[in-house]
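Asks: Residue numbering for the sequence shown follows the working numbering, beginning at 5 and increasing consecutively.
Heads up, a few of these hints could be off.
Stated by the list, open to error - Restraint ranges, calculated between C-beta atoms of paired labels, are given here:
id, residue 1, residue 2, range
1, ASN64, VAL142, 43 to 51 Å
2, ASN102, TYR149, 53 to 61 Å
3, ALA14, TYR52, 23 to 31 Å
4, VAL27, ALA140, 47 to 55 Å
No lab work stands behind these hints: they were computed from the structure.
We put the CB at the ideal spot given by N, CA and C, even for glycine.
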Amino acid sequence: MHRILVSQTANNDGQGLYVVDGVLVKDADQKLAAHRKTMEANNWRKVYHSEEFQMRRNGNALIMQAYFTNKDHVGRRIFFMYFLDDLNSTDELIQILNKDANQLERQIDADTISMVISNIQKDKKLMKIITAFLAAIVFGLACYYIIKKI
5 MHRILVSQTA NNDGQGLYVV DGVLVKDADQ KLAAHRKTME ANNWRKVYHS
55 EEFQMRRNGN ALIMQAYFTN KDHVGRRIFF MYFLDDLNST DELIQILNKD
105 ANQLERQIDA DTISMVISNI QKDKKLMKII TAFLAAIVFG LACYYIIKKI
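Take these sequences, add in the hints, and give me the full structure.
Replies: Structure, rendered in structure tokens:
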């Protein structure tokens, strides 16, 4: 699984910090490649958006934009983006994000992330139920009109 964590620095000097596959990257070319990969996700389908949290998906890949619990030099929460090319579970996401954040000595708000992802998954289930219900109504109406014509 390929993953990229991008974070602002504590003094927000415009220099991003990059953790690629669990390793803090210092090489400018590797940072640029990681930056380009995360920017590709701007065109992905948005599945959740709030002031504090955003998630986009493309198949099993996702990118999250949120804030660490840590604060920068002027007291604002530190922004991060997290790219995963394959997500299996929320627990796995929290575990590896936490591990990657530790490379930067940052802490995530695991409860908020879990809650948002859980709500997204519930919304998907609800949409499937609504779609199945509407399909049943359409099928029932079609059968009614067919029987009525006979």
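Asks: Now tell me if each hint is right for this structure.
Replies: Here's how the hints hold up against the structure:
1. Distance hint for ASN64 and VAL142: a CB-CB separation of about 31 Å, inconsistent with the stated range 43 to 51 Å.
2. Here the CB-CB span from ASN102 to TYR149 is close to 56 Å, well matched to the stated 53 to 61 Å.
3. For the pair ALA14 and TYR52, the beta carbons lie near 27 Å from each other, so the given range of 23 to 31 Å is met.
4. At about 51 Å, the beta-carbon gap between VAL27 and ALA140 stays in the expected band of 47 to 55 Å.
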